[in-house]
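Undergrad: Single-letter residue listing:
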Amino acid sequence: GAGVSQTPSNKVTEKGKYVELRCDPISGHTALYWYRQSLGQGPEFLIYFQGTGAADDSGLPNDRFFAVRPEGSVSTLKIQRTERGDSAVYLCASSSIPTSGRASEQYFGPGTRLTVT
Amino acid sequence: AQSVAQPEDQVNVAEGNPLTVKCTYSVSGNPYLFWYVQYPNRGLQFLLKYITGDNLVKGSYGFEAEFNKSQTSFHLKKPSALVSDSALYFCAVRDGTGGFKTIFGAGTRLFVKA
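Line by line, the protein sequences are chains A and B.
Using my numbering, the letters of the first sequence correspond one by one to residues 226 to 342.
Using my numbering, the letters of the second sequence correspond one by one to residues 333 to 446.
The following block holds chain A by itself, in its conformation from the complex (with noise of 0.2 angstroms):
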């Protein structure tokens, strides 16, 4: 079946602006995890969603970042007045939470390459 997308792809945005990134995990996985990996780094945890509710939002690294996954299906990554400093690839993960609990392993997107300007 189909795998994690992620849309855009590429974003390329102005300092100060606001951008959506948006993620469609495989059909069924009811877990959905943000990451941001940096130039030369792992990913980075940002966020984890388990059905619609964000069970652990921990990572998210100040109150311009957001995420919502309102239907536990799709979900959207919000920033807010973007820095320089928030240049990197997005990353978005899912997994099937009943098939294995805490030892499931994830299935990544691509990633979004967001650069500010």
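Simulated from the structure, these hints should not be mistaken for laboratory data.
Note that this is a predicted model, so its numbers are computed, not measured.
There could be a bad hint or two in this list.
Stated by the list, open to error - Which stretches of chain A does chain B cover? Using the computed rule of at least three CB atoms under 8 angstroms from a CB of chain B, they are:
id, segment
1, 265 to 274
2, 328 to 339
As the list claims (entries may be wrong) - Partial list, computed: chain B residues near chain A (C-beta under 8 angstroms):
id, residue
3, Lys381
4, Phe432
5, Gly437
6, Gly439
For every residue, glycine included, the Cβ atom is placed at its ideal position computed from N, Cα and C.
Fit chain B to the known structure of chain A by using the hints.
TA: Here is chain B on its own, set in the frame of chain A:
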């Protein structure tokens, strides 16, 4: 706090030779450990995981990893490297206290020379 260390930025190995990519971790409780691989221009892919039981776990593409609780390590291994194994490898850990937060290492680039 959870943490993962991959002490080598790059590992170089000749095709046909065994390879090891190192990972050490620090978590509360019993860890869930994962290896992921990132090929050029492709997304992260799951390789294998350790949950409990046998310390040697086998995964995709002939890779295996050995869990060592006393050394808090989870090194990735393969008996005979292929040029096509050249990629970026990430170790990841989820702690044993009930959450789903996953911490990734900085990654190790594996270069297999023909």
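Undergrad: Work down the list of hints and note, for each, if the structure agrees.
TA: Against the structure, the hints:
no., hint, result
1, 265 to 274, "holds (count 7)"
2, 328 to 339, "holds (count 8)"
3, Lys381, "holds (6 angstroms)"
4, Phe432, "holds (5 angstroms)"
5, Gly437, "holds (5 angstroms)"
6, Gly439, "holds (5 angstroms)"
Checked against the numbered hints listed earlier, the structure breaks none of them; every hint is satisfied.
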